[in-house]
Amino acid sequence: MSVEIQEGYDKAFDNVLRLRIMSILMVNIRYEFNSFKSLLQVTDGNLASHLKHLEHAEFLRVEKSFAGRKPLTSYLATEKGRKAFQAYLQFLEQLIYLNKVY
Amino acid sequence: MKKPEEELAEIKSMMERSTQFLSLSGVSGILAGIYAIAAAGLSWYWIYFPSSSWSDGTASLSFRDLLNRMLMLGLGTLIAAVSSAYFLSKKRGAGNAQPFWSPASKRFLQSLFLPVALGGFFCFALLHESTFELIPSAMLLFYGIGLVQSAQFTLGEIRNLGFTQLGFGLIAAFFPDFGLFFWALGFGVFHLIYGTLMYYRHER
Chain A
123 MSVEIQEGYD KAFDNVLRLR IMSILMVNIR YEFNSFKSLL QVTDGNLASH LKHLEHAEFL
183 RVEKSFAGRK PLTSYLATEK GRKAFQAYLQ FLEQLIYLNK VY
Chain B
648 MKKPEEELAE IKSMMERSTQ FLSLSGVSGI LAGIYAIAAA GLSWYWIYFP SSSWSDGTAS
708 LSFRDLLNRM LMLGLGTLIA AVSSAYFLSK KRGAGNAQPF WSPASKRFLQ SLFLPVALGG
768 FFCFALLHES TFELIPSAML LFYGIGLVQS AQFTLGEIRN LGFTQLGFGL IAAFFPDFGL
828 FFWALGFGVF HLIYGTLMYY RHER
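Same order as they appear, the protein sequences are chains A and B.
With the numbering used here applied, the first sequence corresponds to residues 123 to 224, in that order.
With the numbering used here applied, the second sequence corresponds to residues 648 to 851, in that order.
Extracted from the complex, chain A is given alone in its bound form:
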């Protein structure tokens, strides 16, 4: 493939776990830390570091609340995160299209 496309590509989605996290946040208004953990089958530390990464990129924001006495940490996609994700989807579609053409 000789044609280079970089538009829409985002390093934040390089990692499959981060891609999965953002995919989930695109279709859920908010998603809890523990729900992420059980759906993605990853360790606390691993999950937390990738969530932190996405938070630094301002792709998601954190919401802390309580359910009774239990602290709940939920995550929501930001407008920036949604745009970046959509751009990334378009980037993937372009890649597929180009792979077919060339």
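Simulated from the structure, these hints should not be mistaken for laboratory data.
Check the hints yourself; a few may be wrong.
[Said to hold, decoys possible] Derived pair list, reagent style DSS-like, types lysine-lysine, alpha-carbon separation capped at 30 Å:
(1) A/Lys159 x A/Lys186
(2) A/Lys205 x A/Lys222
(3) B/Lys659 x B/Lys737
(4) B/Lys737 x A/Lys192
(5) A/Lys192 x B/Lys753
(6) A/Lys222 x B/Lys650
(7) A/Lys192 x B/Lys738
(8) A/Lys159 x B/Lys650
Fit chain B to the supplied structure of chain A, relying on the hints for placement.
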């Protein structure tokens, strides 16, 4: 980097798994159908052949007796069907490493709960007012609404099962004399059919 097709498939699967309760067991649908057919058969026997009921020889059942038995039978069938669905779905979820209690399954149960619970109370009201002939129709209709409502959070077959129940519910309302027959068709035969369909499509 992975192939873009794989990445898109990955995204789609994550979106589905986080919003839909996919471990709903087809086998539990088959079992629910069998319980319902058995219950309908027993009711039919009790209602139309009261003098030859095996449990109390040739003594005919009083109306109150019949009512109590039907109520017990109905509740028993409900409990059997719900617990089969619970245990089998839980087992299936464990097989695919999908938690039973997830935001998706909660949404599914919440949207199913309101119409079904309302339907239950409505049927008690019908029972109380002695409008028995409309009970099968009401059960089918409320259950159908619940299924259609909650279908967006689970496997696609549930929506069609819901529409089937709604159809039979309406027909049963026009032909109340055949209420038990349509009840057996909706809750029995079609649970069996859709349970089998779900089993073959998703569990093998």
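Ascending list of hint numbers which this structure does not respect: none
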